[in-house]
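Protein chains: 2
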Amino acid sequence: MGKGVNVVELYGVGKRYDIGVTGGHRVSVVARRDGKHELYVFDKGNEEPLAVVALDEEEAKLLAAVLTGTYFHAR
Amino acid sequence: MGKGVNVVELYGVGKRYDIGVTGGHRVSVVARRDGKHELYVFDKGNEEPLAVVALDEEEAKLLAAVLTGTYFHAR
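Chains as they are written, first to last, in UniProt numbering: chain R, 1 to 75; chain L, 1 to 75.
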């Protein structure tokens with residue numbers, strides 16, 4: 001898969017994005033039409049995820065902000 | 001921890017962001033000064049991560065784009 005994202009249409013549900021990462025893991029995100037996301041982390045060549053995390057829209061945005069260095073906290 | 005992000009300064013390294021998510025998991029991101037990230041997924045109350053994923057700057061940006069619904073592929 002290398003660098004890049006593979007997008008799979010999940011009819012009636014949303015989309016799945018598979019991101020191959022250098023370390024050998026694969027990260028998949030299922031983005032549902034209702035704004036919910038599931039984040040899956042897979043080991044290379046293994047179909048059973050190491051971790052599955054459900055994220056609502058706000059949590060997904062927080063994680064994205066942290067990943068892009070745009071998160072600032074107001075406290 | 002609830003909704004929100006706890007930021008921990010890692011002197012000389014970067015910052016760690018802990019995001020509590022509704023499902024009971026905890027997601028932590030270590031953002032290093034050199035642009036590298038590590039994503040950790042923890043089960044509630046467990047100090048041993050379920051998964052650790054190293055992400056370079058591009059991979060972190062791809063994942064963030066997918067999470068915010070701003071990823072579009074050119075193919």
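No wet-lab data here; the hints were simulated from the structure. Please read these numbers as outputs of a predicted model, since none were measured by experiment. Be aware that a few hints might be false.
Identical copies carry no separate label here, and so any pair may be met within one copy or between two of them.
[Unchecked claim] Result set (BS3-like, lysine-lysine): computed pairs, CA atoms no more than 25 Å apart in a straight line: (1) Lys36 x Lys61; (2) Lys61 x Lys15; (3) Lys15 x Lys44.
Consistency of the hints with the structure:
{"no.": "1", "hint": "Lys36 x Lys61", "verdict": "both (11 Å within a copy, 19 Å between copies)"}
{"no.": "2", "hint": "Lys61 x Lys15", "verdict": "both (17 Å within a copy, 18 Å between copies)"}
{"no.": "3", "hint": "Lys15 x Lys44", "verdict": "within (21 Å within a copy, 28 Å between copies)"}
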